[in-house]
Amino acid sequence: MSKRYSSLFTQLKAKNQGAFVPFVTIGDPNLEQSFEIIKALIDGGADALELGIPYSDPIADGPTIQKANIRAIDAHVTLPDCFDIIKKIREYTADIPIGLLLYSNLVFAKGLDSFYQTCSQVGIDSVLVADVPARESKVFCSVAKKYDIAPIFIAPPNGSEATLKQVAELGQGYTYLLSRAGVTGTETEASMPVENIVNALKNFNAPPSLLGFGISKPEHVKAAIESGADGAISGSAVVKIIEDNLTDPAKMLNELKTFVENMKAATQG
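The sequence shown maps to residues 389 to 657 in the working numbering.
Please keep in mind that the hints were generated in silico from the structure rather than gathered at the bench.
The beta-carbon is built from N, C-alpha and C at its ideal position, and this holds for glycine as well.
Some hints here could point you the wrong way.
Said to hold, decoys possible - Cβ pair distances, simulated, as ranges: (1) Asn650 <-> Asn591: 27 to 35 Å; (2) Val527 <-> Asn650: 15 to 23 Å; (3) Thr398 <-> Asn591: 18 to 26 Å; (4) Lys498 <-> Ile447: 16 to 24 Å; (5) Thr481 <-> Asn584: 31 to 39 Å.
Stated by the list, open to error - The calculated SDA-like cross-link candidates involving lysine to any residue, where the alpha carbons are at most 25 Å apart (straight line), are: (6) Lys391 <-> Ala463; (7) Lys553 <-> Asn593; (8) Lys628 <-> Asn593; (9) Lys498 <-> Val531; (10) Lys534 <-> Lys553; (11) Lys455 <-> Asp472; (12) Lys476 <-> Leu419; (13) Lys645 <-> Asp632; (14) Lys590 <-> Asn546; (15) Lys639 <-> Ser615; (16) Lys610 <-> Pro637; (17) Lys628 <-> Ala463; (18) Lys534 <-> Ala518; (19) Lys605 <-> Glu643; (20) Lys605 <-> Glu583; (21) Lys526 <-> Gly499; (22) Lys628 <-> Ile447; (23) Lys401 <-> Glu614; (24) Lys403 <-> Lys498.
All chains, please: the whole structure from these sequences, using the hints.
Structure, rendered in structure tokens:
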């Protein structure tokens, strides 16, 4: 199993910090700008990366990330293109954990064994298959572990004790803790506090929890960590910066870097 997540959380705990993890869709708005965008996130202080693969039916995502998928698809970005960018990211930084958030059809289309083998070869640490719940994940987990890729699972805000226990037992790397039901997006803010679900996950020895959905401001990150989460994930707010600056790439990169710097600062106790 990749040691990058465990190393990250150990280092952050020693510094009394939480993790800030930005999400973007690879290839948005095109391949050339996508690599520069991801570098800006890293340079801004991202502790890890969560990256999407362009897909025509991203059912867990709200309108902002849906539009990011459309931009990348319109730019003819393919799965091999995405792996090429990840390889370049890994060459840019050896230590940052890189996770994929995607949908099962993309995995099946390449073939499970081939997909996870390529993930391992390009330096990916984790894969979250958004439309596969923990109870149906056996075949994905089996192949993921064969190639030392951490399977990531979503802990829903209304999850039963049995569901949270299963998420804790099957997941590795980190646990994606939802702040609320629904799809991604800043249209509905994170719902907090989440102490009860964080404590339940800790009681089941789940991997560190990162709170996502509706995280768009430094105060959201601060509240997540004060609720006991180990960090926060922000997707739609990051992607919105890309959307708002499509005609001014330099301004886009500056705003992305500043956004990450401010969100990361909120993780520090």
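Outcome of the hint check:
1. The hinted window of 27 to 35 Å between Asn650 and Asn591 holds, with their beta carbons roughly 33 Å apart.
2. The given range of 15 to 23 Å is broken by Val527 and Asn650, whose C-beta atoms sit roughly 41 Å from each other.
3. Between Thr398 and Asn591 the beta carbons are some 21 Å apart, a value that agrees with the proposed interval 18 to 26 Å.
4. Evaluation of the 16 to 24 Å hint for Lys498 and Ile447 yields a pass: the beta carbon distance comes to about 20 Å.
5. Taking the beta carbon of each, Thr481 and Asn584 are about 36 Å apart, inside 31 to 39 Å as hinted.
6. For the hint pairing Lys391 with Ala463, the CA-to-CA distance comes to about 34 Å; that exceeds 25 Å, so the pair is violated.
7. At most 25 Å may separate the alpha-carbon atoms for a hinted pair to count; Lys553 and Asn593 meet this at roughly 9 Å.
8. Distance restraint check for Lys628 and Asn593: the Cα-Cα separation of roughly 35 Å exceeds the 25 Å cut-off, and the hinted pair is therefore not satisfied.
9. Distance restraint check for Lys498 and Val531: the Cα-Cα separation of roughly 13 Å lies within the 25 Å cut-off, and the hinted pair is therefore satisfied.
10. Among the hinted pairs, Lys534 with Lys553 is consistent with the structure: their alpha-carbon atoms are about 23 Å apart, no more than 25 Å.
11. For the suggested pair Lys455 and Asp472, the alpha carbons sit about 22 Å apart, so the restraint of at most 25 Å is met.
12. Between Lys476 and Leu419 the alpha-carbon distance is near 12 Å, which keeps this suggested pair within the 25 Å criterion.
13. For a cut-off of 25 Å, the pair hint linking Lys645 to Asp632 stands: about 15 Å separates their Cα positions.
14. With a CA separation close to 16 Å, the supplied pair Lys590 and Asn546 stays within the 25 Å bound.
15. The hinted pair formed by Lys639 and Ser615 fails the criterion: a straight-line CA distance of about 34 Å is larger than 25 Å.
16. A distance of roughly 29 Å separates the Cα atoms of Lys610 and Pro637; the hinted pair therefore is violated under the 25 Å criterion.
17. The straight-line distance between the Cα atoms of Lys628 and Ala463 is roughly 18 Å, inside the 25 Å bound, and the hint therefore holds.
18. A hinted pair counts as satisfied when its Cα atoms are at most 25 Å apart, and Lys534 with Ala518 qualifies at roughly 20 Å.
19. Straight-line distance between C-alpha atoms of Lys605 and Glu643 comes to about 14 Å, which keeps the hinted pair within the 25 Å bound.
20. Of the supplied pair hints, the one linking Lys605 and Glu583 holds, its CA atoms being roughly 19 Å apart against a limit of 25 Å.
21. At roughly 15 Å between alpha-carbon atoms, Lys526 and Gly499 fall within 25 Å of each other, so this suggested pair holds.
22. For the hint linking Lys628 to Ile447, the alpha-carbon distance of about 18 Å falls within 25 Å, and the restraint holds.
23. Distance check on the hinted pair: Lys401 and Glu614 sit about 14 Å apart at the alpha-carbon level, within 25 Å; holds.
24. As the CA atoms of Lys403 and Lys498 are separated by approximately 41 Å, the hinted pair breaks the 25 Å bound.
Checked against the numbered hints given earlier, this structure breaks hints 2, 6, 8, 15, 16 and 24; the rest are met.
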